[in-house]
Amino acid sequence: MTVPASASAVPAPAGSAQHNDSPAALKQKLRRAERVRKLRAMGLIAPLFFFLLITFVVPILDMMRRSVHDTELSTVWPTVTAAMDSWKDRGNVPDEAVFAALAKDLRAAGETKTLAVAARRLNYAVDNGRSLVFGTARRLPVDATNWKETLIGIEPRWGQVATWNAINQASGPLTTFYLLAALDREKLADGSIVKAPEQSSIYVDILERTFTVSLSVTLLCLVLGFPVAYLLATLPAKHANILMILVLLPFWTSLLVRTAAWVVLLQEQGLVNELLLALGIIEKPIRMIYNRIGVYIAMTHILLPFMILPLYSVMKGIKPHFMRAATSLGATPTEAFVRVYLPMTLPGIGAGALLTFILALGYYITPALVGGAADQMISFFIAFYTSDTVNWGMASALGAVLLVATLVLYSLYNRLVGISNMRLG
Amino acid sequence: MGKADRMSAIATSGAQQPTASAASDTIVSFRGVQKTYDGESLVVKNLNLEIRRGEFLTMLGPSGSGKTTSLMMLAGFEVPTHGEILFDGQSLRNTPPHKRNIGMVFQNYALFPHMTVEENVAFPLSVRRVPKHEQKDLARKALAMVKLEGKESRHPGQLSGGQQQRVALARALVFQPKLVLMDEPLGALDKQLREHMQIEIKHIHERLGVTIVYVTHDQSEALTMSDRIAVFNDGIIQQLDSPTGLYETPQNSFVAHFIGENNILNGEVTAVDGAFCKVRLNGGHEVTARAINIKGVGSRTSLSFRPEKVHIEGISADHPNQLPARVEETIYHGDHVRVRMTVAGSEGFTVKMRFRASRPIPVPGEEMAVAFAAEDCLALDPV
Chain H
1 MTVPASASAV PAPAGSAQHN DSPAALKQKL RRAERVRKLR AMGLIAPLFF FLLITFVVPI
61 LDMMRRSVHD TELSTVWPTV TAAMDSWKDR GNVPDEAVFA ALAKDLRAAG ETKTLAVAAR
121 RLNYAVDNGR SLVFGTARRL PVDATNWKET LIGIEPRWGQ VATWNAINQA SGPLTTFYLL
181 AALDREKLAD GSIVKAPEQS SIYVDILERT FTVSLSVTLL CLVLGFPVAY LLATLPAKHA
241 NILMILVLLP FWTSLLVRTA AWVVLLQEQG LVNELLLALG IIEKPIRMIY NRIGVYIAMT
301 HILLPFMILP LYSVMKGIKP HFMRAATSLG ATPTEAFVRV YLPMTLPGIG AGALLTFILA
361 LGYYITPALV GGAADQMISF FIAFYTSDTV NWGMASALGA VLLVATLVLY SLYNRLVGIS
421 NMRLG
Chain U
1001 MGKADRMSAI ATSGAQQPTA SAASDTIVSF RGVQKTYDGE SLVVKNLNLE IRRGEFLTML
1061 GPSGSGKTTS LMMLAGFEVP THGEILFDGQ SLRNTPPHKR NIGMVFQNYA LFPHMTVEEN
1121 VAFPLSVRRV PKHEQKDLAR KALAMVKLEG KESRHPGQLS GGQQQRVALA RALVFQPKLV
1181 LMDEPLGALD KQLREHMQIE IKHIHERLGV TIVYVTHDQS EALTMSDRIA VFNDGIIQQL
1241 DSPTGLYETP QNSFVAHFIG ENNILNGEVT AVDGAFCKVR LNGGHEVTAR AINIKGVGSR
1301 TSLSFRPEKV HIEGISADHP NQLPARVEET IYHGDHVRVR MTVAGSEGFT VKMRFRASRP
1361 IPVPGEEMAV AFAAEDCLAL DPV
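Protein chains in written order, with my numbering: chain H, 1 to 425; chain U, 1001 to 1383.
So here's chain H without its partners, still in its complex pose (with noise of 0.2 Å):
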């Protein structure tokens, strides 16, 4: 008995000194405890922390700012692009001075054979801008009084109002033009928004196209997952773990892989034509590849463990006893599916579906492998514009409708099911 009565006698004075502590002098104690954990806590996550500071946050600012940043004119031009600032009278096209500007701008550009990325920028705003500039380049004088007239001489599209508003709108530094662009809209010189002609209007029908395949996907993912999680959930332990795995095999395997996979199944005389020749059910090859079946086939049978993952983990916490409940208050048992497992599993449906849709709105490689032109997704643009054109200024502005179209949906939403209401594997 002496020792723990004198065990608790020596803190006593210690504890009597704290309690005369300020509540200041109190708190500056916590704070500088504190302190040492929080160092420690942020110098565990800082690894994690500037590697996706420089592999996702500034890539996806610099797309974001390239999108509307335009210095690529005002680079070799940068005489006429600072004169665009005299250009009043938007109704006409500009007076000598500015001409004077772009007759230099040409032959400073001629010289350091930079001539090709103005005309590579003009092109995209003007017809054939590229002959444009290249033609004038080519014919043009060393000397002229006039130059407004002596270039209008050799290039008549020199005394439209449409050039020079596309000469103008080139100049940057910021620019609305991809944007618009990418939304089938263009902005005259008058600086009114009008929709683009039509031969040049793809991009809302490319976005609508990449919304209705991954919706259409989701839809097919979750009609098919669905009793496939349900199976996975309920099944005892060991056959389950034998169809989780068959779930998975294909998860773990390279998606070019799996789709070259589906291009060999799926042509004309491919194992799924040919059984269904043999079969007897169809008569000819019916053509499954290069067109919208082939993509809606291969991305349902790729983002399926995406859909199946979360429901099933949704499902598995859901005791048999709901059910029990329900029928033994007299539902039957689709009554009781229904209106008490169903609502149940709508936290694994919402994240099942908002996972695959946002993957499928960004597949790129199974449409180009799988689909024909007409069913190429937003994201083998943005590849075109950066490998192909190298439109940068492009590719970003696409890039940034299609994160900008996800932002609204995830935050649609998450006003809908609520963002902690989801449950993922």
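To be clear, the hints were calculated from the coordinates, so they are not data collected in a lab.
Keep in mind that a hint or two might mislead.
[What the hints assert, rightly or not] The calculated BS3-like cross-link candidates involving lysine-lysine, where the alpha carbons are at most 27 Å apart (straight line), are:
hint, chain 1, residue 1, chain 2, residue 2
1, U, K1191, H, K319
2, U, K1178, U, K1099
3, H, K319, U, K1099
We have chain H already, so just place chain U on it with the hints.
This is chain U only, laid out in the frame that chain H set:
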């Protein structure tokens, strides 16, 4: 199976009285019901049980004794491997659970988390296509009965465990089933709330006159609430009796041990005289006991004593049933003192002694005598 037959015979004999008086008083009867999951061992062995209309019957037993399986067979979630269950004289063999019209309260309440309290309670009415306004009326009445007015629009997650249990109760009663099953409904509540709910369920039962079959492993809960208790062990009803019957005259050592506190002394029957018998203990002492479950002279037996029925003071020297004892330990409990002692050479014998300040508490090591009336010493099957 010898033991099993004997035990089920006891169970049937207990249940025979009501059957004989009026057959229509029986609401449920289990007839030779067996259940096995793996085809090797029987979880329920030959269950014969008649449940009377309007009674509160508790199935009591340790886990794995077959009590929950029996309840699940009655609810329709398990199918008997053999035998038959009759409900109101009709076989339940081909009736799916949703057509049985039996209310059920689950251990974890099983309230539907996506519905409000009122929607939960109205659920059995809405699947029965009761008109909407009647649903509302009945649900509110049921909620008032369990004292949950004003909580109609809450979700189950916003209620405390006790309140959730009340909702589950209201939901199981709202469609006026003739029979309500309860599977350890109070298991998740703390002690105080549990005792409170026990009284409340008992009162609801008295008010509504509904038949309740209650499953629990808590013997004090069973004693508090039940009209009759069926004690399960090893898939067999060990005894079916009223709470007092079970406590005062347990039919075998398992029941004596499972219900209340119990002391055991082992010995051998030396003589049988009507309802009483002489038993020679392992230490050589001889006592008189009630012959309840013995096989005759020369057989082994276990004597069962309730701690409060053994005296350690004021014993006259010529008391016929007294044994030498040594105090090992005393524990003060406020209203009484527990004295742990070695009696006739056997350790761990507990005696409850009323505490009075004027009386000294025995000291460990003290040699004394314990005495008991022959009626309070039960000769049961050997353990």
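Output the indices of the hints that this structure fails to meet, ascending.
none
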